[in-house]
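Residues 438 to 606 (this note's numbering) are what the sequence shown spells out, left to right.
Just to be clear, a hint being listed does not mean it is correct.
[Stated by the list, open to error] In the SDA-like style, the derived pairs of lysine to any residue whose C-alpha atoms are separated by at most 20 Å in a straight line are:
(1) LYS599 to GLU458
(2) LYS532 to ASP566
(3) LYS599 to GLU543
(4) LYS507 to VAL594
The set of hints was computed from the structure by calculation and includes no laboratory data.
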Amino acid sequence: MKYLTGYPESLKAQVQQLQAEDRLGDMLLKKYPHGHGVRTDKALYDYVMALKDKFLRSSEPLSKIAFDSKLHVIANALGTHTTVSRVQGNKLKAKREIRVATLFREVPEEFLRMITVHELAHIKEKAHDKAFYQLCTHMEPRYHQYEFDLRVYLTHVDAAGKLDWPART
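Using the sequences provided together with the hints, build the complete structure.
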């Protein structure tokens with residue numbers, strides 16, 4: 438239950454019971470019956486920019502948005518938001534990037550939205566504090582539920598492997 442650290446014991450017990458009965462994957466597939474169609478870096482860029490334009494229109498621009506196969510759950514990173522600063526002449530230029538673990542190519546849209554909202558929130562709020570999570574829930578009211586369900590999915594992946602979500606039609 439490493440992905441559920443910090444959650445109440447009653448929730449962890451429910452997840453353990455579903456896992457022991459081999460029903461965890463079925464529960465997730467029932468709750469989230471479809472995957473999404475965002476498979477390329479270009480599609481991810483368009484997806485993230487649509488959210489950014491809706492909620493963070495006046496924030497600093499993003500220079501790169503991409504899936505990253507080097508991000509691994511084991512390293513506790515499902516996505517990253519970085520700022521690279523360089524001196525060009527007498528000006529300091531900053532480039533902002535968002536990278537999302539390739540795991541998110543093959544999950545429900547709700548999980549992709551959760552990680553996208555999380556990384557976009559870092560544009561305004563650096564720390565994982567109250568203001569950060571308020572911004573996350575402003576952009577996605579069900580943020581906390583999606584984060585919990587993603588953690589349940591990661592628990593399932595560790596025990597039984599990936600689920601195959603059919604693409605939306």
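The hints, checked one at a time:
no. : hint             : verdict
1   : LYS599 to GLU458 : holds, 17 Å
2   : LYS532 to ASP566 : violated, 24 Å
3   : LYS599 to GLU543 : holds, 9 Å
4   : LYS507 to VAL594 : holds, 18 Å
Of the numbered hints listed earlier, the single one contradicted by the structure is hint 2.
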